Amino acid sequence: VETEVDCTTCRGRLSALLDAELEGLDAQAVRDHVRGCAGCRQQLDALRALQFQVRAHPLPLPDLAPLAAQVRAALPARPTGTPRRCWPRWLVSAWPVLACGVTCAALAGAAAVLILRPSAEDVLGDLAVSAYLRAQHLDTAEGLVSSDPAQASVWLERHLGHAVRVPDLQAHGFALEGVRVDFLYHQPVAALAYRAGGQVVQVFLWPRGSEPALHGALSDEGLQIRFWSWRGEHRCAISAMDAGTLQRFVAGFDA
Amino acid sequence: MATDDRSMRFAAQVLPCLGSAYRLARWLTHSHEDAEEVVQEACLQAFRAFDGLRGADARPWLLAIVRHAAFACLRKRHGVSQHELLDEDLEAAWAPTATLPIGPEAVASHLQDAARLHRAIARLPMVYREVLVLREFEDMTYQAIAKLLDVPAGTVMSRLARARQRLLVLLSSTPARGD
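Those protein sequence lines, which keep their order, are chains A and B. Counted from 1, the first sequence has number 137 at position 137 by my numbering; the numbering is strictly sequential. Offset between the second sequence (1-based) and my numbering: plus 1000.
Bound conformation, chain B alone (with noise of 0.2 Å):
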């Protein structure tokens, strides 16, 4: 049987996002498996909807779906609440005056160890380490965050700013291998 070429568009719009749809699935399950089955599920939805696409940018789209697919993981397969994905409250427990634990020499330091920096990312509160995620290693916009979040610019910039010093009290905190 020919292979539709709607399948064909959508491999060669979506599939080359695949790596990015894995990472950031991978950070949000912390398991290869449930990573892999993540994507795979977020991947069949994205073909359900590739009609709406429509030239936009694939990446962000399935980002999103990835996300979502994550999330929907997380709550089926462990149990975890819809409060602890998305808990707001956190984001009243930092204050912008609170010096950081640490200083530039010493965060290039504790940075040696690239398995220390993975766990403390590890540790994040999803609100937290999903921003962290899709500005570093991403590199998208806080209005490309924004629009993936459905949350306003001024969230993602609180939101990351939060992140990087709760980052930075993890790293402090958090044992070099074989400490």
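Okay, chain A solo, but in the shape it has when bound (with noise of 0.2 Å):
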């Protein structure tokens, strides 16, 4: 099969072809065309004069050695054989703190958005946020790839001795793409992964103990994060979309 390509088509797969990007057949193709074309080949001299001296001249590094030794201080010391599957003391007592501020948002006739004790905001923030992006950027051997949410569903209660529910969001326009087992400071909880358009909410859930209902509103480096309690269990759902996009799957979990 013999596939040929014009000028517009080769310089815009130049660059790729410089970076070894392109595959099979359509490297070939490109190949060819350069052969035969001296504009496309002065372009792709010029890519490659470029690339050969953007990377001869990479940024100087300073000496690091001072950023590291403040990284290496800045992090937490424990003593061996500090207990770690259990949720930290700030944590707990912040709980009781975030009920006060749903039931006072509650008396003002406010919206279910909380303001939370600055501590235990930035640091339950980060810790959705972190888990966010790992979750991004490990392999999906890690979890389950899956739009079935029963399938899905066997799989946690398999992996966290426990039931959890995956609700089927279709109707509302999240289809669900996998779970996963997360940690949230490292407490093993549901990982469940929706997308919606080009945009991808996660939600964790871990199940509620004595500890008063958890409930939250927090928007951090440009995205949403959203902390509630429903039937025995606590949640948590992050994403890049918009605030109201978000919150309508959120209706749509617990409904």
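By construction, these hints were calculated from the structure, which means they are not laboratory data. Some hints here could point you the wrong way.
What the hints assert, rightly or not - Once the Cα atoms are required to be at most 25 Å apart in a straight line, the calculated SDA-like pairs of lysine to any residue come out as:
#1 B:Lys1147 to A:His234
#2 B:Lys1147 to A:Arg55
#3 B:Lys1076 to B:Leu1086
#4 B:Lys1147 to B:Leu1015
#5 B:Lys1147 to A:Asp63
#6 B:Lys1076 to B:Leu1044
#7 B:Lys1147 to A:Pro212
#8 B:Lys1147 to B:Phe1137
#9 B:Lys1147 to A:Ala251
To be verified - Some chain B residues well away from chain A (every beta-carbon gap over 12 Å; in silico):
#10 Gly1019
#11 Gln1045
#12 Arg1116
#13 Val1127
#14 Pro1152
#15 Gln1165
All of these numbers come straight from a predicted model, not from anything done at the bench. Backbone N, C-alpha and C fix where the C-beta goes; we use that ideal spot for every residue, glycine too.
Reassemble the complex: the two chains are provided individually, in unrelated frames, and hints are given to aid placement.
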């Protein structure tokens, strides 16, 4: 099969050819065109010269030893043998504050948006953001890729040891992409991923003990975050989608 | 107090990537001070998320967190809007048929001065600068960059082509030192 390309197509692919990112017939067709076209050959040569010069002039790095020392010094130290699989004391102590905040907000007639105590807000937000980022950069082999809520629910129960409801939100416009087990401060939690359009929303679920309900809405670093509790479960949803869409997701999740 | 083995594992896996982290942060923020702060913040975030790494390659994972922290720094400290950071409209402005503004010999002569090249890269819009930096200085594949940016690999391919085209345009218009 012979594939021919014109100058327009060729010039759009020269950069990828340079990076050896074109495959098979596509790469061969561009190479064949370049061989017989002086204009495209000159463009490829210019791009090659540019790449050579750019790579030959990386930004000089400063001495990073002081920065490494600062990072090391900022890492928490903990006596060996301290149990890990527990919720941090500050988080447990934050829950009454959160619940109180919800009550005040309700009394004020406000929407279910809560101003969290700064320390709790920062750390809860960071935990959720970190988990969100982590999910985007781990292999899907870490979890189950499935659009079947029943199958996903079975997988989570097998890995977590307790039942996890995975709602079907197709009717609300959110398609299930998969599930995995993640960790929020060393505590295993169910992590569900849904997609609407080009945006992903992740939901973390973990059993609620005797602590008060959790409710909050944060906006951090371009991500919308919701915390809430429902039917014996704490939940956290996080996404880059707009606040209204995420609220629609939360409503559908609880329906 | 004995240092926790988790901190030691983190230091062993993540700190070797500090150079890559600083370089990306520096290119995104244009500032040594901001870059150092971004890397420190990113490392703390990475430490909190470290349990989930579980043997995966730490470098792209850390770079994704650095990028996120750099954007947060630009928004909070410099008032840069999300639209400015990720202006997708820019992509429509490039025509693949356009003739490159300078030829290969001119590229070589324009780039004798590294500072001139760095000034030109710094002037690239963010969506182009980040893919160029990840490709040329971190030597990442299109697939790896796509995963880091959460965009399709085809988008990386087109952004990189446009980045190089724009860089050539900028080089042809960026004065050499002393001009």
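Pair hint outcome, B:Lys1076 versus B:Leu1044 [Cα-Cα no greater than 25 Å]: 18 Å, holds
Verdict on B:Arg1116 as a residue remote from chain A, using beta-carbon distances over 12 Å: 10 Å, violated
25 Å limit on alpha-carbon distance, applied to hinted pair B:Lys1147 and A:His234: The hint is violated at about 29 Å.
Straight-line alpha-carbon gap B:Lys1147 to A:Arg55, limit 25 Å: 23 Å, holds
B:Gln1045 non-interfacial with respect to chain A [C-beta, more than 12 Å]: The assertion about B:Gln1045 is violated, with a minimum of 5 Å to chain A.
B:Gly1019 remote from chain A - nearest C-beta pair above 12 Å: Check fails; 6 Å does not lie beyond 12 Å.
Pairwise hint evaluation, A:Ala251 against B:Lys1147, where the allowed Cα distance is 25 Å at most: Distance of about 30 Å is beyond 25 Å: violated.
Consistency of the no-contact label for B:Val1127, given chain A and a CB cut of 12 Å: 15 Å, holds
Pairwise hint evaluation, A:Pro212 against B:Lys1147, where the allowed Cα distance is 25 Å at most: 38 Å, violated
Pair hint outcome, B:Lys1147 versus A:Asp63 [Cα-Cα no greater than 25 Å]: With a Cα-Cα distance of about 30 Å, the restraint between B:Lys1147 and A:Asp63 is violated, given a limit of 25 Å.
Pair hint outcome, B:Lys1147 versus B:Phe1137 [Cα-Cα no greater than 25 Å]: 17 Å, holds
No chain A beta carbon within 12 Å of B:Pro1152's: Label violated. Min Cβ-Cβ 9 Å, cutoff 12 Å.
The structure fails to meet hints 1, 5, 7, 9, 10, 11, 12, 14, 15 from the earlier list, while all remaining hints are met.
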